[in-house]
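Chains as they are written, first to last, in the working numbering: chain A, 1 to 375; chain B, 1 to 190.
Worth flagging that the hints you see were computed from the coordinates, not collected in a lab. Glycine included, C-beta positions come from ideal geometry on N, C-alpha and C. A couple of the hints might just be wrong.
Stated by the list, open to error - Pair by pair, the computed Cβ-Cβ distance ranges are: (1) A:Phe298 to B:Leu71: 23 to 33 Å; (2) B:Ser100 to A:Phe298: 30 to 40 Å; (3) A:Ala371 to B:Ser100: 19 to 29 Å; (4) B:Asn69 to A:Trp374: 42 to 52 Å; (5) A:Asp259 to B:Asn69: 52 to 62 Å; (6) B:Arg106 to A:Phe226: 29 to 39 Å; (7) A:Asn264 to B:Glu128: 16 to 26 Å; (8) B:Asp167 to A:Lys252: 52 to 62 Å.
What the hints assert, rightly or not - Derived lysine to aspartate or glutamate pairs resembling DMTMM-like cross-links, with alpha carbons at most 25 Å apart: (9) B:Lys15 to A:Glu357; (10) B:Lys62 to B:Asp94; (11) B:Lys27 to A:Glu312.
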Amino acid sequence: MITRLFIDNYRCFVNFEFKPESLCLLVGDNGVGKSSILDVIELLRDFIGGQISIKAFGSDTLTRWQSLLLQSFTMEVRINARKYIYDLVIEHEPQRGQRRVNRESLVLDGKPLYLAQLDNAQLKAQLFKDNHSKGPVVFLDWTRSGIGVLQAGPENTNLCEFRDFIRRIIVVGFLNPDPRLMVAASDDEANALGRHGESFVSWYRSVALEYPAAVADLTQTLRELFPGFSALTLPESGDKRVLKAQFRPPEKAGKSRYDEFAFNELSDGQRCLIILYALLYVYREKPGMLLLDEPDNFIALREIQPWLALLEEICEEAGASSQALVASHNPELINYLGAARSLKMERPTGGGARISEFQAVDGLSPAETVARGWD
Amino acid sequence: MGQRASNIILLCEDKPHERFARAFLKKWCGVDLRRRIRLVPIPDGRGDAKQWVCDRFPSELKAYRVQANHLNNILVVVTDVDNRSLRQRVESLDQACRDSDVEVRRQDERVVFITPKWAIETWILILEGQALDETDRIEGKHKKLAEPINTVMAERLADYCKNGNEDVTFPASLDVACLEFQRVSGVLRF
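So that you can see chain B by itself, here it is in the shape it has in the complex:
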């Protein structure tokens, strides 16, 4: 087995999550990973996307484990925390596993949780200089504001996670996500 990531399975709620994750990974790895990233097709936006990620996670985790011994695969899960705590969001993923008789994620697995609070747009707007807090509810207006700058900011966030040299004070949920990526950084070197 080589040292580089083979497949990166991306399980996320919506297009902004996907765009963010792709740009973040590209910047982190320094190469275009388009052919290594497999997006789990996102359902239509009308349903509860968070619930869908939870429902889908156990089977993706099982599939990851089947291949983990012979592939450097990575499973990246992106789900907004919203009004809950980070711990509660991770617990909901763990609970979904227990409900499906799947062992919960272990820290030594290449399974990365990206759990922005309130939402991915919170990180982007904070970096943009907006006076926001993690607990500020992100709605339509904010989402629209964040959309066009998503990719550029994702790249800056990747820089921050790798080098930590930004002047802005980042929300705790981003620091947690950075640690998650650092945990699997060994296979994200290209």
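Looking at chain A on its own, in the form it has when it is part of the complex:
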């Protein structure tokens, strides 16, 4: 799990430090940085995972009221009771629209695993073996994470453990569950779900094979949720597979065959519920890190608490190997997770974001406290 995140000179974050627990709810007004925290973790995931170059850290992400051109990120991660510390410093040249890695490092329990620094206009990386003895020095592309491009080998298993953990972080939000994005057909299996669930069908194809128990739990839950629901199927359609939901027709229709609806024919709320429960059941089989940006959007009020109860139960079962960070404005969600699980975010006088423990006002519910604000 991520135990500490430090961000400096990125959007509204200036010397910002965040120490999340295993299940953590971010509350606060619009524009205080709740989604931006999730954005940063998503960016670092894709950068360290080798999916994106440093171009994704645009100059427009520099904190506007600062003139500093260095942007810093530190992420402390605990995996199997060991502490990894990842550092990244990015150097910006806004006039030329360019940026490069100034420094990138990875340390395990205080000992180095990887260190890259700019040296005479080159990114020079010192590699270390698992026993922390020095390995080769290599010169790398300064637009990419060296950790993301290194080949896995018998002497860098620790570095790969960290990279694999980061790559498995799932970020989902339903800020814009555009039906056109959530297509029903899939060309192939995929490990990534997509920020708005747009790759759900490809992801589901992959997990359906790997985690049959999760599929069984999901089916059972969907039968309770949707009257008449029978199963999700993935029939072939040309060179693709299409995710379909089978429903028993109403008795009076006198039909014996199931009615089938393609995934994109279901309602926004039904699709979001399928994704949210699928995520949790897979997460129970394979704990990791979930970042959820307003997951409650489009979900019926009575469905929020049961889903949260399952999330909480799974986080408790998995212990330190799991983590869920949730950003939400929904009173139902805020009241259920309560003040003890919440952190309050604010930007006094419009400056840098701040985060602190949240306490409900005596006599008020947590959601009512949030609704009344704290400024």
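Given chain A, put chain B in place with the hints provided.
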């Protein structure tokens, strides 16, 4: 009206109570009741949670009665007895009703009082084999000790309540709670 419970409204003091009740009900019924359980949102932990349960109980009882004729709803109230007697704790709930002009709970209603003495952690730690008595004050250290084993022990307690085949001698307050659940067991069959 079907025979199974529709909504189970859970009125309790804190998260350990909620966890206990959910695990207990799941084991008792043999199925996951997550979607049937509605937790009355618990206020922030700084106030007097026991008083909050008392204050809230009359309106939940009224709401239960409005729906009881057409739904197999159940109201489960979990509140620690602490240093008082079981009778005094139930009397405080009854008094809250009288103060609100609501008829007190009747024995034929599907309203279950779970009133552990000293606290829910007492039951859990006794089952764990700790040398505790109902009158032993449960504080922070004990609560922390009980927290990680809450769910497993809740399941064992549900087994005990249903089948009564545990070797451990249980506190009287648990036997009372078992009787409460047995009273509504007709709608807890799934």
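Hints breached by this structure: The structure breaks hints 5 and 7; every other hint is satisfied.
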